[in-house]
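Heads up: the sequence lines are chains A and B, in that order.
Just so you know, we're using my numbering here: the first sequence kicks off at 6 and counts up by one.
Just so you know, we're using my numbering here: the second sequence kicks off at 7 and counts up by one.
Don't read these hints as lab results, they were simulated from the structure.
You may find that some hints are simply not true.
Looking from chain B toward chain A, a few residues come up when the C-beta cut is under 10 Å (computed) [unchecked claim]:
| hint | residue |
| --- | --- |
| 1 | Ser40 |
| 2 | Ser119 |
| 3 | His120 |
| 4 | Asp385 |
Distance ranges between label pairs, derived from CB positions [to be verified]:
| hint | chain 1 | residue 1 | chain 2 | residue 2 | range |
| --- | --- | --- | --- | --- | --- |
| 5 | A | Arg108 | B | Ala394 | 20 to 28 Å |
| 6 | A | Ala47 | B | Pro185 | 46 to 54 Å |
| 7 | B | Pro185 | A | Glu60 | 32 to 40 Å |
All C-beta atoms, glycine included, are put in the ideal place defined by N, C-alpha and C.
The chain contents come next:
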Amino acid sequence: MSPASIALNRFGYGLSAKDAAVGDPRAFLLCQFDAFDPSPPAIAARLDTRANTGEMLELLRRLRQDTRAMTAMEQAGTPAMAEGMTRQEARAVALDGLPPEYREQLVEARRVLADDIAVRVNTVLTSPAPMVERLVHFWSNHFSVSVGKPGTQFEAGPHEFTAIRPHVLGRFSDMLKAAVLHPAMQIYLDQFQSIGPNAPFAQRRARRGGDQQRPRGLNENLAREVLELHTLGVDGGYSQTDVTELARALTGWTVPGIGRVGRFAEDQPSGAAFVALVHEPGARQVLGRSYPAGEAKQALAILDDLAAHPATARHIATKFARHFAGDTPPPALVARLEADFLRSDGDLASLTRTLIEAPEAWTPGPVKFRTPFEWLIAALRLTGTTTLPPQRIVGALTELGQVPWRAPSPAGYDDLAASWAGPDALIRRVELAERIARNAPQDGVIARAEAAFPGALGEATITQLKRAESGQQALALLLVSPEMMRR
Amino acid sequence: MTAGFDRRSLLAGSLLGAGSLALPRLAFAQGTGSRNLLFVLLRGAADGMAMLAPVGDPGFEALRAATLADYENAPRIGSFFAVHPALAEIAKSAAAGEALFVHAAATAYRERSHFDGQNLLESGGTAPYTTKDGWLNRLAGLMNEGAPAPLRALAIAPAVPLALRGDAPVSNYAPSALPQASEDLLARVSLLYGADGELGPLWARALETRAMAADDGLTNLRDASAAGELAASLMRGEGGARIGMIELGGWDTHANQRGAFARSARQLDALLAAYKAGMGAGWANTVVVVATEFGRTARLNGTGGTDHGTASAALVMGGAVRGGRVIADWPGLADGKLYEGRDLAPTIALESVIAGAVAEHLRLDPKLAMARLFPGRGDAPLSGIIRA
Chain A
6 MSPASIALNR FGYGLSAKDA AVGDPRAFLL CQFDAFDPSP PAIAARLDTR ANTGEMLELL
66 RRLRQDTRAM TAMEQAGTPA MAEGMTRQEA RAVALDGLPP EYREQLVEAR RVLADDIAVR
126 VNTVLTSPAP MVERLVHFWS NHFSVSVGKP GTQFEAGPHE FTAIRPHVLG RFSDMLKAAV
186 LHPAMQIYLD QFQSIGPNAP FAQRRARRGG DQQRPRGLNE NLAREVLELH TLGVDGGYSQ
246 TDVTELARAL TGWTVPGIGR VGRFAEDQPS GAAFVALVHE PGARQVLGRS YPAGEAKQAL
306 AILDDLAAHP ATARHIATKF ARHFAGDTPP PALVARLEAD FLRSDGDLAS LTRTLIEAPE
366 AWTPGPVKFR TPFEWLIAAL RLTGTTTLPP QRIVGALTEL GQVPWRAPSP AGYDDLAASW
426 AGPDALIRRV ELAERIARNA PQDGVIARAE AAFPGALGEA TITQLKRAES GQQALALLLV
486 SPEMMRR
Chain B
7 MTAGFDRRSL LAGSLLGAGS LALPRLAFAQ GTGSRNLLFV LLRGAADGMA MLAPVGDPGF
67 EALRAATLAD YENAPRIGSF FAVHPALAEI AKSAAAGEAL FVHAAATAYR ERSHFDGQNL
127 LESGGTAPYT TKDGWLNRLA GLMNEGAPAP LRALAIAPAV PLALRGDAPV SNYAPSALPQ
187 ASEDLLARVS LLYGADGELG PLWARALETR AMAADDGLTN LRDASAAGEL AASLMRGEGG
247 ARIGMIELGG WDTHANQRGA FARSARQLDA LLAAYKAGMG AGWANTVVVV ATEFGRTARL
307 NGTGGTDHGT ASAALVMGGA VRGGRVIADW PGLADGKLYE GRDLAPTIAL ESVIAGAVAE
367 HLRLDPKLAM ARLFPGRGDA PLSGIIRA
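With these hints in hand, go ahead and build the complete structure from the sequences.
In structure tokens, the structure reads:
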């Protein structure tokens, strides 16, 4: 790959029809820092869904004993109907077995989710800062939430829009606090119903004999994933005691406007809330450091220290390097990024600049197999698509196997070729490419190929593009060419 | 292992710890005929104590009070264990002598990360991320040694899972709602990828698998019963895949476990019932191994769920299985018996279960299978799982 092709494809989402030529590759990337808009109007318009979440969680609480209804709820988290499925069929599949009074809410959840996904995709199709959009999607995947968990559907989009986007060129500690405490994450990892065993609320309920059906204790799911996935990494040197202590410190952090304690909630930044009544009292000990009793501030102080921990620097540097510079990232690059993270106190703009300046990020051979999402975005940009309706977008991503905010685990989608470069994946890309090519301008395909992969187009691809029987077929072949599959 | 009751009575017919009892008919890979192996991976740490509840253990009631009602009329295996009612078809297979559970089993992994736990179970390494290929792929490699052509190994999944990744050729397939690409485009893509060392072989296998699954009529894998049927259709008969793998999620039941576990269990039950029906006469020569990365805490947590634990249960099912029993060296649930004071303690190596079942079924030398699939383990492969 040429440096220009690397700037476009390895760092960005490929050439779009209206992009100018690359010029100086590093300057081309650095300019995008200023061109990036963290809150473009289409995204700013998507944030008013909080009331729905409260209703949804209350609905879930009431439905909990009804397994048929719960199954329907989980299917309702599937944002897409498959392409070719009619709206009525999709609705019937999702809503079968659900009490009729809840159907409207679920139809609404699916609509909101599909619209949020469409805003994410359409934003990047025309973005003047595709590299920074890649950072948004990288960090969103690092702090992965999944709409497979009932109740998160209204929050997954806002999680990325408000807890990730504003911080991708800011401080890691700010992103950590915003992403971990956002309602989407609290619902996804069960934090919102975790209660300190010695908190006033738990004590009072125990004295009254309590309602055995209601959740009434500590849940350590979020605490564990914060340590293992978001900060230190699995080998970061924490113990089960650290997990439990962090879980205790996190009690009280919840989703605003829900449950019996909702009226005691104090609103916090990033859409979270804190209820002192359910917070475990007392000092906490995490990774050998002591944190005095401090209600909401206690967890914030621990998160700040975790963000600055050397193990976190190592973990983040490794993942960042793997995303841009190869499945087995060059150790020298990891070391540079790690040092930068520590020196700059987790300044993510500085981390990104260090990546752009590092020679290891510019090795000529392609270093990554494009994930389905990366491939689809690059394909749509290359064909000059500037906007697509939500159902088309969600349908395509569903078939490719990578719907945003629907990763199979809190670790997010894998960032390794072996996870994506399977036989079935190739067939799907070919099928979709033929479809995309049918609806796109089909002239000048070879010139477009040369512009998209400047100085980097292989002989085999040029030969097959020239032999294609039509512009449409040439475009379909370009979309699945080896140059498009890897970056 | 000194439980305060007669745990040996649980082991009816099993040959626990009898790795030295060589099975005389076993030799190296030869004449596997049409024997099939399906590996079902339950992602998310399935709760073995919910799957196969130790209702005869005096400690169970206190740990799981809120779930006791589920097992009142549940099918039993012996007097000690009750099968979760959502696993009705599996329980029927057990009663028919075609399914067995192994309880209190765990891999060598002793931490509590899903991702590391799954990595270890799938790679078969001794520590997470140290082994790059998967044990199921190495099994295919072992079977291919000296064979005229590599066997078909297939994941029924949108991506090849780690367990099947490696040097032996494998494919994957999942139903798609996309319209099929034109024959002309497919042929031209073959030319486009012809000289590409990575895409060329992947593409060749993609076309082959697609041809096998030509008209499944499905658009996705969401219906567990349809997925089981699809797996059978891709594995039965002479041209079918010998080794298959399918994944089921939804087992990470941190909160409100009763409903969530029952839903996932019903999926597993429907999948296996449909697979069994779909295999038809081939079921007699089929073994299904169902395993999960680790178990869950013995005690229900504050939100009616369970957290990441250690030992769980595994299921071995199929016409070739000497079933109808539970293999366990039951560790007990009394205070002081739980692993780290919170989890069901592991007493059987899950790797031994897998290697033993696979080797006996596919007529491989168990020691060789253990060494190749799970190198570096001291455990002997479990024997006596498959009918002689």
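To see whether the hints hold, each was checked on the structure:
For Ser40 of chain B, the shortest C-beta to C-beta distance to chain A is roughly 23 Å, which exceeds 10 Å, and the interface hint is violated. For the restraint placing Ser119 of chain B at the interface with chain A, the shortest Cβ-Cβ distance is roughly 5 Å, inside the 10 Å limit, so the hint holds. The beta carbon of His120 of chain B comes within 6 Å of a beta carbon in chain A, closer than 10 Å, and the hint placing it at the interface holds. The beta carbon of Asp385 of chain B comes no nearer than 24 Å to any beta carbon in chain A, farther than 10 Å, and the hint placing it at the interface is violated.
Our hint of 20 to 28 Å for Arg108 of chain A and Ala394 of chain B is violated, since their Cβ atoms are close to 56 Å apart. Hint check: Ala47 of chain A to Pro185 of chain B, Cβ distance near 30 Å, so the stated range 46 to 54 Å is violated. For the hinted restraint 32 to 40 Å between Pro185 of chain B and Glu60 of chain A, the CB-CB distance of approximately 39 Å keeps it satisfied.
Checked against the numbered hints above, the structure violates hints 1, 4, 5, 6; every other hint is satisfied.
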